[in-house]
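**Student:** Sequence:
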Amino acid sequence: MGCAPDAASPPGYLPIMIRAMLFVHGTWLNAHTPRLARLLGRPDFQIDYRRLPGLLAEEIARRADIGPVDMVRSHYFGSVAENYDVRDHHAVQRRHAFFGELRVEGRFEVEAFAVDYQGRRLRRQDRSPEDDYIPAERCVDVALAVTVMRYVMTPAAVDLMILVAGDSD
29 MGCAPDAASP PGYLPIMIRA MLFVHGTWLN AHTPRLARLL GRPDFQIDYR RLPGLLAEEI
89 ARRADIGPVD MVRSHYFGSV AENYDVRDHH AVQRRHAFFG ELRVEGRFEV EAFAVDYQGR
149 RLRRQDRSPE DDYIPAERCV DVALAVTVMR YVMTPAAVDL MILVAGDSD
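The sequence shown begins at 29 in our numbering and counts up one residue at a time.
Honestly, I wouldn't trust all of these hints.
[As the list claims (entries may be wrong)] Here are the computed distance ranges between Cβ atoms for each label pair:
no., residue 1, residue 2, range
1, D93, R166, 34 to 44 Å
2, A92, R155, 42 to 52 Å
3, L191, D154, 30 to 40 Å
Treat the hints as calculated values from the structure; they're not laboratory data.
Yeah, the Cβ is synthetic: ideal placement off N, Cα and C, and Gly gets one too.
Throw the hints in and build the complete structure from the sequences for me.
**Tutor:** As structure tokens, this is what we get:
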């Protein structure tokens, strides 16, 4: 049984609004979007981050039959290259622009952490085959967990947390 009013509800009854927050592990999601596109059979598939919070809220409300869900805050955790090969400057600038769009158009709270490429190219296939360096992204998982725990420990801050992640951490 959901929270929607029914015939037995008193006049003026307002359903309880579930307050939700979204937490996106952006590095993981970006890395797996091509796989999602293949699974959907849509090679041109792109995630519309402006619509993502609302769509997730609607789908969870529908599947759980919990009545209206108000997405009160959306967080995005990602990384950006630093100390990279100058040939990848345009790609890094695109990432910074993406984070800006998330903040402004998507109204996400964005936390972006630097990953040191030690002067190397961003894409492994653009580097020498002998170069086995793997840049380490260390802060995204911790920042996401700390932020979630902060809201868990804040009384009445949120009723529902939606986590979009999937790596082994």
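**Student:** Against the structure, test the hints numbered earlier, and report the numbers of the ones violated in rising order.
**Tutor:** The structure breaks none of the hints.
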